[in-house]
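**Student:** Below, each chain spelled out in residue letters.
Protein chains: 2
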Amino acid sequence: MNLEEKFKLLEADNAPGQEIRQYQGDLNSMMIGEKLDGVFVDFSHGDVDTFIPTPDSDAVWEKGFAEGGKQAYTEYRGDAEIRTGLAERLGKFTGKPISAENELIITPGTQGALFLALGSTVTVGTKVAVVMPDYFANRKLVAFLGGEIVPIALNYKETLYVKGIDLEQLENAFKSGTKVFVFSTPNNPTGHVYSDSAITKIAELAARYKVTLVVDELYSRMLYSGEDYTHLCACDRIPENLITIIGPSKTESLSGFRLGVAFGTPKIIDRMERLQAIVSLRAAGYNQAVLNTWFQEPAGWLENRIREHEAIRDELLKVFNSANLKTTSPQAGSYLFPQLPKLSVDLHTFVRLLRYQANVVVTPGTEFDPNCTDCIRLNFSQDYEAAVAAAKRIAKMAKIYGI
Amino acid sequence: MNLEEKFKLLEADNAPGQEIRQYQGDLNSMMIGEKLDGVFVDFSHGDVDTFIPTPDSDAVWEKGFAEGGKQAYTEYRGDAEIRTGLAERLGKFTGKPISAENELIITPGTQGALFLALGSTVTVGTKVAVVMPDYFANRKLVAFLGGEIVPIALNYKETLYVKGIDLEQLENAFKSGTKVFVFSTPNNPTGHVYSDSAITKIAELAARYKVTLVVDELYSRMLYSGEDYTHLCACDRIPENLITIIGPSKTESLSGFRLGVAFGTPKIIDRMERLQAIVSLRAAGYNQAVLNTWFQEPAGWLENRIREHEAIRDELLKVFNSANLKTTSPQAGSYLFPQLPKLSVDLHTFVRLLRYQANVVVTPGTEFDPNCTDCIRLNFSQDYEAAVAAAKRIAKMAKIYGI
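Line by line, the protein sequences give chains A and B.
Per our numbering, numbering through the first sequence is continuous, rising by one, with the last residue being 403.
Per our numbering, numbering through the second sequence is continuous, rising by one, with the last residue being 403.
One or more hints might be untrue.
Straight-line Cα separation of at most 25 Å, DSS-like style, residue types lysine-lysine; simulated pairs [as the list claims (entries may be wrong)]:
| hint | chain 1 | residue 1 | chain 2 | residue 2 |
| --- | --- | --- | --- | --- |
| 1 | A | Lys318 | A | Lys342 |
| 2 | A | Lys63 | B | Lys63 |
| 3 | B | Lys318 | B | Lys399 |
| 4 | A | Lys8 | B | Lys127 |
| 5 | A | Lys163 | A | Lys318 |
| 6 | A | Lys96 | A | Lys201 |
| 7 | B | Lys92 | B | Lys267 |
| 8 | A | Lys267 | B | Lys8 |
| 9 | A | Lys127 | B | Lys8 |
| 10 | B | Lys63 | A | Lys70 |
| 11 | A | Lys6 | B | Lys127 |
| 12 | B | Lys318 | B | Lys342 |
| 13 | B | Lys267 | B | Lys96 |
| 14 | B | Lys70 | A | Lys63 |
| 15 | B | Lys326 | B | Lys396 |
| 16 | A | Lys6 | B | Lys6 |
| 17 | B | Lys399 | A | Lys6 |
Just a few of them, taken from the derived set where beta-carbon distance is under 8 Å, the chain A residues facing chain B [stated by the list, open to error]:
| hint | residue |
| --- | --- |
| 18 | Leu3 |
| 19 | Glu11 |
| 20 | Asn14 |
| 21 | Gln18 |
| 22 | Phe65 |
| 23 | Lys140 |
| 24 | Ala198 |
| 25 | Arg258 |
| 26 | Arg271 |
| 27 | Val279 |
FYI, nobody ran anything at the bench for these hints, they're computed from the structure.
Here the structure is a predicted model, which is why all the values come from computation and not from measurement.
Here a beta-carbon is modelled for each residue, glycine too, at the ideal position from N, C-alpha and C.
If we strip away everything but chain A, and leave its shape as in the complex, we get (with noise of 0.2 Å):
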């Protein structure tokens, strides 16, 4: 694949944030009726202005700052004492211990974590297998360093709860020479948490076929009430390469910080940090400073967002499934994956639309899947109110533009 086509497949206008740089078009003319009023929301992104960042974090951060050279020119994997706590608290969290020294590195967001990872361990050719839907750089990445991407398909459409992945589907993708498997749980866009038993049964058979696994756990924390959450780290029998991805970006609304954990296997750690040496060199010096908030929130915080995410959550459901957009309860996390009626216009004119006569950014399915052409995705950390009120205007143009 030549450098044209390799970009092609990153392109990034409908990337969440990046709706600013989209060419509107003649939306005039297209529009049907007139615009719908109402707070503009931006589902693209957590609205960190109503969850704010963590209490002190800009504190701490100006302790780091005081530290001045120490903090600036950390080893490129982070501070040690940084990476010693944040191992113990990692450690407690996921039930697995973890070395401070050779099993964790302190990455630029979790995106960063994600392409260190995948950085280290695919290659041109490397089959690679990645759900459908999840987060969209799993295949951009494995597009970028010239991966083949093996498809696992996620059953979500048209179910209050997401059975899972088809294990039989992954462990014929194991036995055809897939060398690693990268996957978020809950998943990233529809908020579905991987089973206990899938979780045991995915180490099992990464075990057994030699298989490098790949964990995005970003959305851990929020975990809705009456949910259960396997950490595959903790398993009992698990592959020789794995690697757990988390960060305080979404839950904390640290994101403005650019910070990441990856935690696991010694080998790739050590060849994340080389990678890192050459792609932004540390994760902000001062900014890790901010990783001494990070599992040590004052008592109730987590407990408050949580509800307050839930609450959110149980309405907007409401709203959407009363109107037939068929959507998944997501288990965990603050991601909505509502599925469209058929519409007189295609997915991308759809949110664009929405945009300019809704006043609503959502990003579009295809980010996730690019088959996936008739579902929006919404991370609903927002204010409550404006977000029902722009859930409805959605439900609304879904029926202006429906066939």
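Position chain B against the provided structure of chain A, taking the given hints into account.
**Tutor:** This is chain B only, laid out in the frame that chain A set:
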């Protein structure tokens, strides 16, 4: 090349800042004589506790943080308003107008810019001309991307002033299918500034042979008295594909913020943004605000900083050259690249002994040219007295271990 081989080429144990991860081995038994007393100096990078960050950088950061979501979630290429100011000031600095909309991207450090520029122009089999010696990441990036290195020699030994690269060798490389040429001016590690005629010729050759140029100008602001600097982007004839890289991490001591900028050909900037979307999303949002201090520091601030560095440069050159450690005089930047006499131990052992016995950290020449086994690089952006004393210890060590 498989992953094992590829990551061997990316080995980072000797990279600046990674000394802490080196295996010390049995240095005690190899050590000749006693330990040399003196204040610890880490020449692997600048000392930002001595040359502190630009005035008010933390206050400006706080303002960015206070902006909230707008600053946390910028476009992947960086906040539009900040880009507008930067494009204007960098256009003035280089003498070449820059479009903030299409020709500029904010990156996580200059390292990030370099990765994105090469990641957007180099793929498996691409021939890339790389100067030897030059910044260590250049050749490692080409290796990671599967390109082929075409070495271009910089003759820097046995001369007080580097004459420059051999332009005939460069033209021959261009004639033989080289598609990309990446180089730093001032050169890292020697401090050589490419002459006006060399820059004009390189631009002209690249245009003629349709070679993509990536020009790393990271240190160009710290230009010593009597020196001239030519920005390639402002030449009359330039190639179709040209990316210039610069950042505030060095002269301005803002490395702890991880900020860099690339500007040039819109098509390549666009690719760089697509790649950034899957590598680290964006430079940390709040940190981007600090770019508002750049190229508008208080009057006299830059001149004073240059004067202080020039004084250290002059004194260290005296120490090294009078001890017969031949060292070219840097015309800009804060690197010195002294040549060692023949030693009884290999270069990497000597570097470890410097740390263990003489309390001095330096970077071995092999990081900049695998064949350069007799030079060490020092970043002399340090406390004057401590640096001079440490340089004297280096000279003493060279005498102790000289054959």
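**Student:** Confirm or reject each hint.
**Tutor:** Structure-based check of each hint:
1. Proposed proximity of Lys318 (chain A) and Lys342 (chain A) is supported: the alpha carbons are some 20 Å apart, at most 25 Å.
2. Between Lys63 (chain A) and Lys63 (chain B) the alpha-carbon distance is near 16 Å, which keeps this suggested pair within the 25 Å criterion.
3. In summary, the hint linking Lys318 (chain B) to Lys399 (chain B) is supported, as the alpha carbons are separated by about 16 Å, within the 25 Å threshold.
4. With a CA separation close to 22 Å, the supplied pair Lys8 (chain A) and Lys127 (chain B) stays within the 25 Å bound.
5. With a C-alpha separation of about 21 Å, the suggested pairing of Lys163 (chain A) with Lys318 (chain A) holds against the 25 Å cut-off.
6. In summary, the hint linking Lys96 (chain A) to Lys201 (chain A) is supported, as the alpha carbons are separated by about 18 Å, within the 25 Å threshold.
7. About 23 Å separates the Cα atoms of Lys92 (chain B) and Lys267 (chain B), which keeps this hinted pair within 25 Å; it holds.
8. Restraint check: the Cα-Cα separation between Lys267 (chain A) and Lys8 (chain B) comes to about 12 Å, which is no more than 25 Å; the hinted pair holds.
9. Proposed proximity of Lys127 (chain A) and Lys8 (chain B) is supported: the alpha carbons are some 22 Å apart, at most 25 Å.
10. About 24 Å separates the Cα atoms of Lys63 (chain B) and Lys70 (chain A), which keeps this hinted pair within 25 Å; it holds.
11. Of the supplied pair hints, the one linking Lys6 (chain A) and Lys127 (chain B) holds, its CA atoms being roughly 18 Å apart against a limit of 25 Å.
12. Distance check on the hinted pair: Lys318 (chain B) and Lys342 (chain B) sit about 20 Å apart at the alpha-carbon level, within 25 Å; holds.
13. Restraint check: the Cα-Cα separation between Lys267 (chain B) and Lys96 (chain B) comes to about 18 Å, which is no more than 25 Å; the hinted pair holds.
14. Proximity of Lys70 (chain B) to Lys63 (chain A) is assessed by CA-CA distance (about 24 Å); at most 25 Å being required, the pair is judged to hold.
15. With a C-alpha separation of about 14 Å, the suggested pair Lys326 (chain B) and Lys396 (chain B) falls inside the 25 Å cut-off, and the hint holds.
16. Taking the CA atoms of Lys6 (chain A) and Lys6 (chain B), the gap is near 21 Å; set against the 25 Å cutoff, the hint holds.
17. For a cut-off of 25 Å, the pair hint linking Lys399 (chain B) to Lys6 (chain A) is broken: about 54 Å separates their Cα positions.
18. Given the 8 Å rule on beta carbons, the hint for Leu3 (chain A) holds: about 5 Å separates it from the nearest Cβ of chain B.
19. Of the supplied interface hints, the one on Glu11 (chain A) holds, with its beta-carbon coming within about 7 Å of a beta-carbon of chain B, less than 8 Å.
20. The criterion of a C-beta within 8 Å of any C-beta in chain B is not met by Asn14 (chain A), whose closest approach is roughly 11 Å, and the hint is violated.
21. Restraint check, Gln18 (chain A) versus chain B: the minimum CB separation of about 6 Å is within 8 Å; hint holds.
22. About 5 Å separates the beta-carbon of Phe65 (chain A) from the nearest beta-carbon of chain B, less than 8 Å, and the hint is met.
23. With a least beta-carbon distance of about 5 Å to chain B, the hint placing Lys140 (chain A) at the interface is held under the 8 Å criterion.
24. Interface restraint check: Ala198 (chain A) against chain B, minimum CB-CB distance 27 Å, threshold 8 Å, status violated.
25. Because the smallest distance between the Cβ of Arg258 (chain A) and any Cβ of chain B comes to about 4 Å, under 8 Å, the interface hint for this residue holds.
26. The beta carbon of Arg271 (chain A) comes within 5 Å of a beta carbon in chain B, closer than 8 Å, and the hint placing it at the interface holds.
27. Annotation: interface hint on Val279 (chain A) holds; nearest CB of chain B at approximately 5 Å, less than 8 Å.
Hints 17, 20 and 24, counting from the list given before, are not met by this structure.
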